[in-house]
Every structure is written in structure tokens, then in C-alpha cells.
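In case you want the letters, here they are:
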Amino acid sequence: MKKLLSLVLAAMMVMSLAACGGDKPASTPAGTEGTKETLKIGGIGPLTGDYANYGISVKQGVEQAVKEINAAGGIAGQQLELSFQDSQGDPESAVNAYGKLLDWGMKLSLGCVFSGETATVVAAAKDDDILLLTPSGSSDKILESNDKAFRVCFNDSYQGVVAADFIKDHKLADKVAVLYQSDYDYSVGLYEAFKGECDKLGIAIAEVQTFTEGTKTDFTTQINKLLAADVKMIFIPIYAEPASTFLTQAKGKFGDDVYFFGADGLDGILEKVAQDVSIANNVLMLTPFAADSTEANVQAFVKAYQEAYKSTPDQFAADGYDAVYALKAAMEKAGSSSGAAMAKAMTEIEVAGVTGTMKWTADGNTQKKAMAIIYKDGTGSLFGQ
Amino acid sequence: MIEFIKTLISGLGLGSIYALIALGYTMVYGIAKMLNFAHGDVIMVGAYAGIVAFTSAGLPPVFTVFLSVLACTLLGITIEHFAYKPLRGASSLSVLITAIGMSYLLQNLALMIFGSQQKAYPQYIKLGQVSIGPVTVDGITLLTLGVTACIMVGMSFFINRTKLGKAMRAVAEDRGAAELMGISVDRTIALTFAIGSALAAVASMCYGLTYVYIKPTTGAMPGIKAFTAAVFGGIGSLPGAMLGGIALGVIEQMAKTYISPLWADAIVFAVLVLVLVVRPTGLLGKEIQEKV
Numbered sequence: 001m002k003k004l005l006s007l008v009l010a011a012m013m014v015m016s017l018a019a020c021g022g023d024k025p026a027s028t029p030a031g032t033e034g035t036k037e038t039l040k041i042g043g044i045g046p047l048t049g050d051y052a053n054y055g056i057s058v059k060q061g062v063e064q065a066v067k068e069i070n071a072a073g074g075i076a077g078q079q080l081e082l083s084f085q086d087s088q089g090d091p092e093s094a095v096n097a098y099g100k101l102l103d104w105g106m107k108l109s110l111g112c113v114f115s116g117e118t119a120t121v122v123a124a125a126k127d128d129d130i131l132l133l134t135p136s137g138s139s140d141k142i143l144e145s146n147d148k149a150f151r152v153c154f155n156d157s158y159q160g161v162v163a164a165d166f167i168k169d170h171k172l173a174d175k176v177a178v179l180y181q182s183d184y185d186y187s188v189g190l191y192e193a194f195k196g197e198c199d200k201l202g203i204a205i206a207e208v209q210t211f212t213e214g215t216k217t218d219f220t221t222q223i224n225k226l227l228a229a230d231v232k233m234i235f236i237p238i239y240a241e242p243a244s245t246f247l248t249q250a251k252g253k254f255g256d257d258v259y260f261f262g263a264d265g266l267d268g269i270l271e272k273v274a275q276d277v278s279i280a281n282n283v284l285m286l287t288p289f290a291a292d293s294t295e296a297n298v299q300a301f302v303k304a305y306q307e308a309y310k311s312t313p314d315q316f317a318a319d320g321y322d323a324v325y326a327l328k329a330a331m332e333k334a335g336s337s338s339g340a341a342m343a344k345a346m347t348e349i350e351v352a353g354v355t356g357t358m359k360w361t362a363d364g365n366t367q368k369k370a371m372a373i374i375y376k377d378g379t380g381s382l383f384g385q
Numbered sequence: 001m002i003e004f005i006k007t008l009i010s011g012l013g014l015g016s017i018y019a020l021i022a023l024g025y026t027m028v029y030g031i032a033k034m035l036n037f038a039h040g041d042v043i044m045v046g047a048y049a050g051i052v053a054f055t056s057a058g059l060p061p062v063f064t065v066f067l068s069v070l071a072c073t074l075l076g077i078t079i080e081h082f083a084y085k086p087l088r089g090a091s092s093l094s095v096l097i098t099a100i101g102m103s104y105l106l107q108n109l110a111l112m113i114f115g116s117q118q119k120a121y122p123q124y125i126k127l128g129q130v131s132i133g134p135v136t137v138d139g140i141t142l143l144t145l146g147v148t149a150c151i152m153v154g155m156s157f158f159i160n161r162t163k164l165g166k167a168m169r170a171v172a173e174d175r176g177a178a179e180l181m182g183i184s185v186d187r188t189i190a191l192t193f194a195i196g197s198a199l200a201a202v203a204s205m206c207y208g209l210t211y212v213y214i215k216p217t218t219g220a221m222p223g224i225k226a227f228t229a230a231v232f233g234g235i236g237s238l239p240g241a242m243l244g245g246i247a248l249g250v251i252e253q254m255a256k257t258y259i260s261p262l263w264a265d266a267i268v269f270a271v272l273v274l275v276l277v278v279r280p281t282g283l284l285g286k287e288i289q290e291k292v
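If you read the sequences in order, they're chains A and B.
Numbered per the numbering used here, the first sequence spans residues 1 to 385.
Numbered per the numbering used here, the second sequence spans residues 1 to 292.
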């Protein structure tokens, strides 16, 4: 009986192998049919779940760039084909998605949207000959384990420094308070860099308040402390969701001349407080991208994006858009999609994107000009214009 | 001093919400001898019912509250009837696991229907800020305190002075004897769930008006805190649940203000452990003598 069973099982295995073998030759000609094989480009990010807004923005920005490049003839005559995988922001799923993309035949990788997932994928891709260019993974240390990893956005410590410089340059305040999330690397990293730069510039930090994932629903005590600090500028390097709760509870308690200053994590805040957009009044957001900028390339991008998605692109969409163009520039310089060659090319190219003009250092970081958007009654405009 | 009073008042507000939820836990435990871990999620359902009634259906505030209470009451009775009643004779462990399963079922249903993005609870009662001398507090906090105080008075009247209340106490005391006296145990337990869930709906209103944003997991943390409050005050005891809830809220806000938000939860639970070491049955719990 046992023998019979094992025979049957063996027969089934042989058949399934044969089935696999039969599949392959059938699919290859389909790809090579026509002119040239497509150049496969893969992205990973949260498309569902709590942080879906960030992933969807990046994906739409990427799609827009792919569409434009394909219409203009592709990269070196090859048309681009995009696959964007949903990770829900979870590093484990992101690594699985990365493997799936490699099996699919990905030649160019956009890494992941979030820092946490980018860190694991960057480490996992160490021995693969592929370049990873994350549009928005901003945490400082995530690119260290792999010298073929780069990013389009600011890194956290640079953002913290730029935020302090911005306050100084625009003479916004010489005394500030801070509210940050003490169990998120992003928030802690920004705060520490901000604090370091403030000490250097002589900006006093009058009050520091924190919260955690478990206590992000009730900001009563923090608001009381921040009110008592009596400052005109509160630095909030936190994500849009807790920020919406904080600002809702703070509404009407702070004076009209008190500003809340945050970084890229605040992007999408208006959708979070859609029931009453005046909640986001006096919110300043540090960004390399402003949709109402007068630059011609930005205007063209915003117009095309609005036509395609019926919404105004945020900086995540802009980061995604620039990432694809940066990959294009690097591949044209390198002459192949080999990771090592592309990594070398990355340090040599200069890309004038919608988030500013970018040059990269070998550690994967880029430095570009920062602006701030200020929100008033549901619209964001460039601060100081 | 002003900071202390402000913290105290916000602690009382938060504690009132905990107390309202804890009442549901403690009543169900006292009468059905089970931990209804799905109770926290009933608040979440109540809050979503409020959002649907006011924002989507455009009902006036009074009907919104009424509909929310009705939805929770029906939900409570339904859960009891289909999930817990068939397990009445089963071991308490099976009932506990069923309750945990019910909690996840409700959360995932809400996730399917409303999605994972937060939704804003309609602010149909706008009270702004109230200044009492140098202290400014949210009007909503005072409303929560008032509502909770009324409910507490009403509940103690109901339990101590009415026939149904007497029946509930009798079932809590000795289920078999109560049945022999002609009290319908099933109906009393269903009534307990109905009242507990209605109180959860009131808590959801206070929660929504104070903290605004609702998600499918909104009920989880307040549920656990309220359960802690019920144990803290002595599970099975109504005044204990109220005291426990208020104490927990005040300790939490004090810890956040004077120590650190990072430590707030740890301190709350450390206090719970200390109280249970000194008084194993909680602050107002009855000493149970095991008869051998």
C-alpha cells in the first residue's frame, strides 16, 4: 500500500515538473515577440492599511514617469513595464515582494516606500546585482548595509538640520517646543538632528513632549505642557495620522501666531482632517517639492498628474516621479542595468527633478534645497511667497 | 497648581470613559461569571453607528445618540444569544476564547465595512472651552463627567431599588437558587448584556466627542484599560468599577504629565499589581471564602 502511494506521488511530481517545463518555452516568446523585451521596473510600498496614502502617492508618481518615458521612446529603446507590490509597510512582506519581483524579472528597483521595509530589503539585496533607489525611505542608517542603495528624499538627520536652519534663516522664532513620537525611528532621528542644530544656532528648546504608538489618541497633557511653554513655534516631526489627532485636540487652544512645523511625514495631513480643514491652519511642512512652484518642470508634472489622478501630487508622488527619471539617467550613463555599474553612475549624474536638482554621494544620500508649505483653510502654499 | 488641576480634570474625564466601559465588564462578570473581551469593541461599533447616523444619514444629534445606543444594545444581545448562551455550561476557558474571537470578528468586520483609515466622529455637540477661574478645560470633558455621574446614580438606583435589579443581584449571588425562586436566568443575563452595551454606546459618544478619530481598533486599548479598572476596583462590584475607572484615568494622566508618556501605561499597570498584592480582590471587591 505504502509503495503504491509513493509511486502515485512520484508520478504526480514528474507530471508537475513536466507542466513547469511546458510552461516556460511558451511564455518566453510572448515577451520577446515584437521589437525588444520590456525593461522591468519594480516598486514596493503600502497600498492598503494605515499608511496606504504614502504608498499610493509614490506609485502614482512612478506610473506618471513611466508613462512619459514610454511615450518618449523608453530607456535605450526599451519600453518600461512597472509592477508595484503592496507591503502594507511591513518589512517581512516587503522582502517577500522583493523576491517576487526578482522572479518576475525586475531589472530596476525602486526599493520601498518606508524606511523600515527599505532597511530589510536593502540588506536582503546586498548580493544581488541590482540598484535600489528608494523614493522616500528617509531613515539615516538604512542604506549602510548595501553600497548599491540610494534615495531621492532627504535623509532624516538632514531634514532635522534643515528645519532648524529654516527657522533661523526666516527668523521665525528663537524659542521653540517639540512634540515627537518616541517609539518611531523617523521621529526620534529628526528630533535629535533638530536639537543638535538648534544648540549650534542658539535656538532654545523650551519644552519637549513625547508620545508613543499606544498613547497617540490622547494629547491633553502634552497640549497643556506646550501651552505652558508659551512658544510661537512647535516642531512636530511626526506622521500625518497622529498629527491629525494632535492638531484636532489642539484646535482653538493655541494663538493664531503659533506655528506647527513638521517634515515630510506630515504629507497628506489635509486628507486626514478633511472633516474640518481649518484644523491644519498654521501648519508648516518642510518639503523639497511644492505643487504651486513656478518652475516649468514642476508645473508640467502637476498638470499631468492632476489630469491622470484627479488630485494634486504631494512630495511622495514627486519623489516617486523623480526616482524613475534618476534611474533612467543612471542607466543611460552606465549603459546597462547592472547594479555595480549603475551605482557608479549614480555618483556621476545630476538630475534636475521636480524635487530639485540632485547629485548623489557614494553613501546614497542627496542634498537639495528645502522649502516650506504653509496650510491655510485647506490649501497649501509656498511659505514666504 | 493650575497644571495639577487641569491634569486632574482631564484624568477625571478619561477615567469617566473607563468607568462607563468598566461597568459593562463588571456587570457581565458579576452575573454571567465570564470576561466579555468583545466589550471594548462594542464601543467601536457604537462610534461607527454614530458616524453613519449623523454624517451619512444626516440625523439630528438626539437620534444619533439614540441610534448608537440601540445598535449597541442589539449587538450586545445578539452576541450573548449566538456566541455565549450556547456555551453556558461549558468551561470558563472556552467562553473566554469565544469572547476573544468575537472581539476580532467585530474588529475585522469594521475593517471590511469602513476600511482601515481613521474616520472623524461628528462633533454634533460643540461646547468649546470653559474657564473656571484661571483654569481652562474642555467643555466636552465636563459633559463626560456629568453624564457619567448621572449614569452612576441611575445604575445604583436600578440595581438596589428595582425588581429587575434585585433579580440581577440574585443571579449574581446564586444562579441556581435564583432560578428556583422563579427568576429567568437567561433573560437576566440578556438584560445585563443589553445594559452593559448601552453604557458602551454612551462611552463611545464621550470618546468620539473627546478624541474625534475612530478606527476599527479604537475599542481595543480602552477595553483593556477598562477591564483593568474593573479588576482594580474589584470585579463584580459596580461602585468598584466606577472607582477603578476614575482612579485609572487620573493615575494615567498624572503619570503622563509628571513622569513621561512613555511610562504612563507601565505605571498604571504597576499600580494595579501593587493594589492586587495588598488586596487580591481589588479595592471594593468582596472577599470570597472558598467553601470546602
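To be clear, the hints were calculated from the coordinates, so they are not data collected in a lab.
Glycine is no exception: its CB is placed at the ideal position from the N, C-alpha and C atoms.
Heads up, some of the hints might be wrong.
[To be verified] Partner residues aside, some chain B positions facing chain A, computed with beta carbon under 10 Å: (1) G13; (2) F114; (3) Q118; (4) I125; (5) S131; (6) G133; (7) P134; (8) E173.
Find the hints from earlier in the document that the structure breaks and name them by number, from lowest to highest. Violated: hints 2, 4, 5, 6, 7 and 8.
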